[in-house]
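Undergrad: Each of the two chains sits in its own frame; use the hints to bring them together as a complex.
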Amino acid sequence: MTIDGTWYLTLAAVLFSIGAVGLLVRRNVLVMFMCVELMLNAANLTFVTFSRELNDIGGQVAVFFVLVVAAAEVVVGLGIIVAIFRRRPEATADDANVLKG
Amino acid sequence: MGALLATATLPDLATFVVAAVICVTGAFGVVLSRNPVHAALSLVATLFGIAVLFVEENAQFLAAVQVIVYTGAIVVLFLFVIMLLGVDRRERVIADQFHGQHYVAGGLGALILAEVLLLGTGHWSTGARATSGALSRPIPNVDQLGRSIFTTYLLPFEITSALLVVAVIAAVVLARSHETSPLEDTKDKSPGDATAEREEVGSK
Chain A
1 MTIDGTWYLT
11 LAAVLFSIGA
21 VGLLVRRNVL
31 VMFMCVELML
41 NAANLTFVTF
51 SRELNDIGGQ
61 VAVFFVLVVA
71 AAEVVVGLGI
81 IVAIFRRRPE
91 ATADDANVLK
101 G
Chain B
1 MGALLATATL
11 PDLATFVVAA
21 VICVTGAFGV
31 VLSRNPVHAA
41 LSLVATLFGI
51 AVLFVEENAQ
61 FLAAVQVIVY
71 TGAIVVLFLF
81 VIMLLGVDRR
91 ERVIADQFHG
101 QHYVAGGLGA
111 LILAEVLLLG
121 TGHWSTGARA
131 TSGALSRPIP
141 NVDQLGRSIF
151 TTYLLPFEIT
161 SALLVVAVIA
171 AVVLARSHET
181 SPLEDTKDKS
191 PGDATAEREE
201 VGSK
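Protein sequence lines correspond, in order, to chains A and B.
Quick note on the numbering used here: the first sequence kicks off at 1 and runs consecutively.
Quick note on the numbering used here: the second sequence kicks off at 1 and runs consecutively.
Source of the hints: derived by calculation from the structure; they are not laboratory data.
Some hints could be false.
Said to hold, decoys possible - Rough simulated footprint, nothing fancy, chain B against chain A, three-plus residues with beta-carbon under 8 Å:
id : segment
1  : 9-20
2  : 28-40
3  : 53-65
Claimed, not checked - For the chain A half of the interface with chain B, some residues (derived, Cβ under 10 Å), not all of them:
id : residue
4  : Asp4
5  : Gly5
6  : Thr6
7  : Val25
8  : Leu45
9  : Val68
10 : Ala71
11 : Gly79
12 : Phe85
Unchecked claim - Pulled from the structure, derived: some chain B residues nowhere near chain A, Cβ distances all over 10 Å:
id : residue
13 : Val18
14 : Gly100
15 : Pro138
16 : Pro140
17 : Asn141
Note that the structure is predicted; figures quoted are calculated from it, not measured.
The beta-carbon is built from N, C-alpha and C at its ideal position, and this holds for glycine as well.
Next up, chain B with everything else stripped away, as it sits in the complex (with noise of 0.2 Å):
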């Protein structure tokens, strides 16, 4: 452990420790929380944390849209369904389902955690080299990024704004309430209805 980490600088050591320290509780934080809107805002949490770790690692664009799309839309989203829905639920987290399920979870848990470690930390990855453009070149980080996404993977890039137009035309379908026919339901729909739907699209 050590050896490892005598080859960092001080400052890169004491933004991993506290980035990962946050990670780590913030994730605890949402297992654990009874509260859904306590999950919500430790998620908050873990997911800052990564984006330190991605500024540490020289990804600033990923950086930023982590903060944006994921803090800014994903988790107000989460925010605002559990609004909708009513916050004074509260679950008991001790409550197991079939007898032994937090045994069989937590057994579970140690079993995936080692394996993923032995694939990370064995070096078992290829080595093979920048298939699609090196990371070393002395260009800003958005501008290769842009570059790699305009060249090479131009078709995915194409098939994603697709996937957001289904999306949306899927948050609609399903967001509608389901009693009425589709002609009577635009006549006497609630305005409360209707302003839901909307915020649902106008986050996404």
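With the rest of the complex left out, here is chain A (with noise of 0.2 Å):
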């Protein structure tokens, strides 16, 4: 007999709730977009326990769309943070505050 499934459920809400504080109260760009890592993570877990629990493959292939979707997120975000701090060096998340550069 394996873990009960609530215990992982569990432990993703404590990961999404870490990831939702983080993003919450870093000012780095680059740690906050970690941050949103960590809560598509803790997503991507919960799909697997439900994926499982149900008995559907359905969960697992979920899972795959958003690892995909992530890496594009991720090249395209960090396009943008490199653009942002090549024109202003120090800035943080509350530097960037309006929409022309």
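TA: Here you go:
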């Protein structure tokens, strides 16, 4: 018998909350981005757990697509961050407050 | 708590506890470390712990992809950008943008945790069974996932490829310098910039 799914869901909830608090507290754009990745992974863990509990491959397919979209998101996001930092080397998340750079 | 854990065998229990501790420690490391490089390395610990949990839940293909894509590509890309922008800039983690920001953030975090825990442990999942293929058929995990992706989810899969092409083009457009016009841009671009762009697209 394996671990009950509730424990995986609890762990995912804890990871998601830590990521959310980090996103609210930190001011370094890169670290905020890492916190987003943390929240995405907590959601992935939930998907896989429900996939096992409901005996359905769909949850694992969803995780597969989340991985691909996360890769694309990271590339575009880091491109934006590099573009911002090239103009203003000392910028934090609070300094980027106008749409026109 | 004891009743829930009593059904598990000892190896399963040990794997889960160790992986969970690695995950939570890494997550705290991401949020609390001042140096972005340390945050990225803590993120690797968390992602690896989640890969272990995927194996424990019989999702072997996703565990492998998790290690290859996340720790092999995404975190390396993070580290690359940190190095590109300079690592010596440190941030005061305790600097509030407005008065009491940390209390508000902590309160919101507690609220989110309570809500997700309630949803996760309240047994509110519908219990609808196997609409896209049962997991318990006696074929390997990779076979099953492949069949599902190339039959039921074929259209989303094709759209994903278009998304990746768009992301690659966007990365190239965003990473080039905007100070010069496109014509001069090709002429007097410094070799460092060109390498950076190639790296960025390559590690994708």
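Undergrad: Each hint needs a verdict: does it hold in this structure or not?
TA: Outcome of the hint check:
no.: 1; hint: 9-20; result: holds (count 12)
no.: 2; hint: 28-40; result: holds (count 8)
no.: 3; hint: 53-65; result: holds (count 11)
no.: 4; hint: Asp4; result: holds, 5 Å
no.: 5; hint: Gly5; result: holds, 9 Å
no.: 6; hint: Thr6; result: holds, 5 Å
no.: 7; hint: Val25; result: holds, 5 Å
no.: 8; hint: Leu45; result: holds, 6 Å
no.: 9; hint: Val68; result: holds, 5 Å
no.: 10; hint: Ala71; result: holds, 6 Å
no.: 11; hint: Gly79; result: holds, 3 Å
no.: 12; hint: Phe85; result: holds, 5 Å
no.: 13; hint: Val18; result: holds, 12 Å
no.: 14; hint: Gly100; result: holds, 12 Å
no.: 15; hint: Pro138; result: holds, 13 Å
no.: 16; hint: Pro140; result: holds, 12 Å
no.: 17; hint: Asn141; result: violated, 8 Å
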